[in-house]
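**Student:** Okay, so the sequence shown: first residue is 834 according to our numbering, each after it adds one.
Warning: the hint list may mix true and false statements.
Have a look at the derived ranges for each label pair, beta carbon to beta carbon [as the list claims (entries may be wrong)]:
no.: 1; residue 1: Glu942; residue 2: Gly879; range: 32 to 40 Å
no.: 2; residue 1: Asp865; residue 2: Tyr887; range: 19 to 27 Å
no.: 3; residue 1: Thr929; residue 2: Asp888; range: 21 to 29 Å
no.: 4; residue 1: Gln876; residue 2: Asp939; range: 25 to 33 Å
no.: 5; residue 1: Tyr934; residue 2: Val890; range: 25 to 33 Å
Source of the hints: derived by calculation from the structure; they are not laboratory data.
By construction, the Cβ of each residue, glycine as well, lies at the ideal position given by its N, Cα and C atoms.
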Amino acid sequence: MSATADHAETSPAVRLGFQPEQVVQEIGYDDDVDQELREAIEQVIGSDLVDEDYDDVADAVVLWFRDEDGDLTDVLVDATTYIEEGGSILLLTPKTGRDGYVEPSDISEAATTAGLSASKSVSVGKDWSGSRLVTPKAVKKK
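My request is simple: use the sequences and hints to build the entire structure.
**Tutor:** Structure follows, in structure tokens:
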């Protein structure tokens, strides 16, 4: 196995489903985000993350969300307008005991209400947990 392939398998960005040449929009950036995770995603996609002012459709969204950031359902619904059908949102929330912690039941309820399918939460850094939320694919007409 090559060193590159070995590194790719251990990269949190690859485990979270990011792929080369994807356009990934970042929402909710602040001083507390995990810079290592951001850099890992940028390394995998081969470009910088685009910010909230990006005016085209992205392949995926990285959403940093803290309990005090407002209504999670509203934020998720807004985020789905930025991505392609079948695209994903990586919802990043502070881990248990950290400022801004969001209850898993709140994440599940907000995702369902926003029409998203959620995966289980995974640790993505020292202070952050991530949930991969997927938009429904377009229903094929026969």
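**Student:** Does each hint hold? Answer for all of them.
**Tutor:** To see whether the hints hold, each was checked on the structure:
Hint check: glutamate 942 to glycine 879, Cβ distance near 35 Å, so the stated range 32 to 40 Å holds. At roughly 22 Å, the beta-carbon separation of aspartate 865 and tyrosine 887 lies within the given 19 to 27 Å, and the hint holds. Look at threonine 929 against aspartate 888: about 36 Å separates their beta carbons, and that is not inside 21 to 29 Å. Taking 25 to 33 Å as the suggested C-beta distance range, the pair glutamine 876 and aspartate 939 conforms, at roughly 31 Å.
A beta carbon spacing of about 31 Å between tyrosine 934 and valine 890 agrees with the range 25 to 33 Å that was offered as a hint.
Checked against the numbered hints above, the structure breaks only hint 3 and satisfies the rest.
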